[in-house]
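Quick note on numbering: the numbering used here labels position 410 of the first sequence as 410, and the sequence is numbered without any gaps.
Heads up, some of the hints might be wrong.
DEER-style ranges, computed between Cβ atoms [said to hold, decoys possible]:
| id | residue 1 | residue 2 | range |
| --- | --- | --- | --- |
| 1 | Lys376 | Ser279 | 52 to 62 Å |
| 2 | Pro44 | Arg126 | 41 to 51 Å |
| 3 | Lys262 | Lys340 | 46 to 56 Å |
Simulated crosslink set (PhoX-like; lysine-lysine; CA at most 20 Å straight-line) [claimed, not checked]:
| id | residue 1 | residue 2 |
| --- | --- | --- |
| 4 | Lys261 | Lys182 |
| 5 | Lys376 | Lys5 |
| 6 | Lys182 | Lys193 |
| 7 | Lys417 | Lys24 |
| 8 | Lys368 | Lys5 |
| 9 | Lys5 | Lys353 |
| 10 | Lys138 | Lys52 |
| 11 | Lys417 | Lys353 |
| 12 | Lys340 | Lys5 |
| 13 | Lys182 | Lys262 |
Hints in this document: simulated from the structure, not taken from any laboratory. Keep in mind that this is a model prediction, so the values were computed, not measured. Where is the CB? At the ideal position from N, CA and C, for every residue including glycine.
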Amino acid sequence: MLFSKLLLPTLKDAPQEAEVVSHKLMLRSGMIRKVASGIYTWLPLGLKVLKKVENIVREEMDNSGAQEVFMPMVQPRELWEETKRWEKMGPELLRIKDRHDRDFCLGPTHEEVITDIIRDNVKSYRELPLNIYQIQTKFRDEVRPRYGIMRGREFLMKDSYSFNIDEESLQETYLIMRETYKKVLERIGLEYKISAADSGAIGGDSSEEFHVLAENGEDTIAISDSSEFAINTELLLKDGEDISTLEGKPSPDGNGTIQIKKGIEVGHIFKLGKLYAESMKASVLNSDGNASTLFMGCYGIGVSRLVAAAIEQNHDEKGIVWPHSIAPFDINIISIGYDKNKDIAKASTDLYKELSEMNYSVLLDDRKDGYGVKIKDSELIGIPLNIVIGKKFTEDNEVELIGRNGETSTNPITEIKTILDFFKNK
RNA sequence: CGGGGUAUAGCGCAGUCUGGUAGCGCACUCGCUUUGGGAGCGAGUGGUCGUAAGUUCGAAUCUUACUACCCCGACCA
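Between the sequences and the hints, there should be enough to build the whole structure, so can you do that?
Quick look at the structure:
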């Protein structure tokens with residue numbers, strides 16, 4: 001991709017509407033633009049990152065044996081009345097009418113739609129367990145959207161729903177999803193904690209939250225300083241007790257003492273049990289030939305929120321520092337004098353082709369600007385590796401490598417292999 | 001929904017108190033010189049001053065109402 005052709009409106013100053021660092025950087029780096037409160041357009045650079053996260057989630061879901069579907073965003077009132085949620089849910093459920101005056105809502109979640117599909121199309125325990133997922137836009141008319149993508153009203157989410165014949169099978173699927181989420185977060189390269197959680201409005205038996213640790217996190221979690229243990233502090237506090245009193249207390253799991261950390265909730269896994277299956281009469285025949293109500297689980301991971309969380313955890317004063325796994329481009333070729341010096345232009349283009357053929361995603365900064373402008377933009381948008389072709393190339397046939405982490409080296413342009421080793425070893 | 005704040009060019013801001021017909025920096029366009037840390041000179045483009053009504057000879061500025069957006073709280077994945 002040529003930088004000069006990219007719709008990449010970077011900003012020197014953050015718009016005053018942005019408060020938290022991920023919001024500021026997403027606006028400044030030209031990833032997103034606001035359309036209305038809590039509603040955003042993803043521009044090309046942002047979409048590249050979003051798609052990378054989405055693909056990691058999809059691959060790990062497929063590996064886990066789950067099957068992808070795509071459900072409608074617009075859902076009829078009748079389905080929501082079956083679970084009584086049409087009445088129970090407040091204004092966060094955005095209700096609309098069609099031209100025939102029929103009631104619909106924009107889906108904030110999809111238990112009703114998927115359960116309807118399964119009860120109509122699955123008749124035997126032999127077809128279970130099933131774990132069905134989608135990656136789709138959700139709409140929740142939040143009381144107060146904030147922090148940009150982190151807490152938008154419209155957001156991209158992977159939601160999956162498992163259908164099991166009994167509690168043991170549900171437990172198995174639950175643990176598979178737990179492992180799958182760990183793999184997703186590890187592949188992206190984020191530091192996280194899993195904490196026991198209040199299962200909240202969705203209801204059900206038990207649930208755990210996946211938190212990406214970051215200073216600006218909305219949630220406060222208590223972790224043990226010497227074990228894997230983590231818990232949402234809401235579950236530890238007695239009435240009127242202050243969070244600060246927890247710090248230093250013995251950890252409830254008996255290992256070490258409590259530390260208080262801020263986290264961004266990016267995933268939540270629930271065992272729903274028979275909650276929705278009962279109200280929607282979803283059952284299959286068991287091995288005895290009797291109707292048996294299904295056990296369900298639901299498992300959500302915020303794809304768009306993960307993008308914001310990755311920035312909250314990985315940035316510096318210059319801009320974003322993407323984990324390689326989700327960087328919008330692997331390499332940026334900073335070509336100084338591209339428009340004037342034919343040798344530099346040719347060397348840059350040749351290198352661009354060569355690296356592209358090796359399956360790296362490469363950006364070539366062919367703009368008429370100087371080194372300062374180009375490196376600043378590259379640092380802002382967080383490209384892991386820059387290759388500078390300029391004066392040193394004309395003089396000594398050498399290029400400079402600048403990692404986003406600060407590492408640099410100078411090499412003859414012919415040593416592509418060295419360049420890539422440098423890249424891979426970071 | 002309660003409390004606080006903001007709204008002037010794509011972004012950041014000044015001008016509002018004390019009314020006189022809109023300005024600065026960056027960005028953008030053209031030319032020339034530059035090109036290894038956000039370049040220089042010159043010439044330009046771009047704004048119904050959030051919306052509506054009112055006061056006034058005259059409103060970005062004063063009055064009233066409304067809207068949008070942001071922050072804190074409550075709520076929530």
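Each hint tested on the structure:
1. A hinted range of 52 to 62 Å holds for the C-beta pair Lys376 and Ser279, which are about 56 Å apart.
2. Distance hint check for Pro44 and Arg126: the Cβ-Cβ separation is about 47 Å, which falls inside the suggested range of 41 to 51 Å.
3. The supplied range of 46 to 56 Å is met by Lys262 and Lys340, whose beta-carbon atoms lie about 49 Å from each other.
4. The hinted pair formed by Lys261 and Lys182 meets the criterion: a straight-line CA distance of about 19 Å does not exceed 20 Å.
5. Annotation: proposed proximity of Lys376 to Lys5 holds, straight-line Cα distance about 18 Å (limit 20 Å).
6. With a C-alpha separation of about 9 Å, the suggested pairing of Lys182 with Lys193 holds against the 20 Å cut-off.
7. Restraint check: the Cα-Cα separation between Lys417 and Lys24 comes to about 37 Å, which exceeds 20 Å; the hinted pair is violated.
8. For the proposed pair Lys368 and Lys5, the alpha carbon gap of about 13 Å is at most 20 Å, so the pair holds.
9. Among the hinted pairs, Lys5 with Lys353 is consistent with the structure: their alpha-carbon atoms are about 17 Å apart, no more than 20 Å.
10. For a cut-off of 20 Å, the pair hint linking Lys138 to Lys52 stands: about 19 Å separates their Cα positions.
11. About 15 Å separates the Cα atoms of Lys417 and Lys353, which keeps this hinted pair within 20 Å; it holds.
12. For the hint linking Lys340 to Lys5, the alpha-carbon distance of about 18 Å falls within 20 Å, and the restraint holds.
13. With a C-alpha separation of about 19 Å, the suggested pair Lys182 and Lys262 falls inside the 20 Å cut-off, and the hint holds.
Hint compliance for this structure: hint 7 alone is broken.
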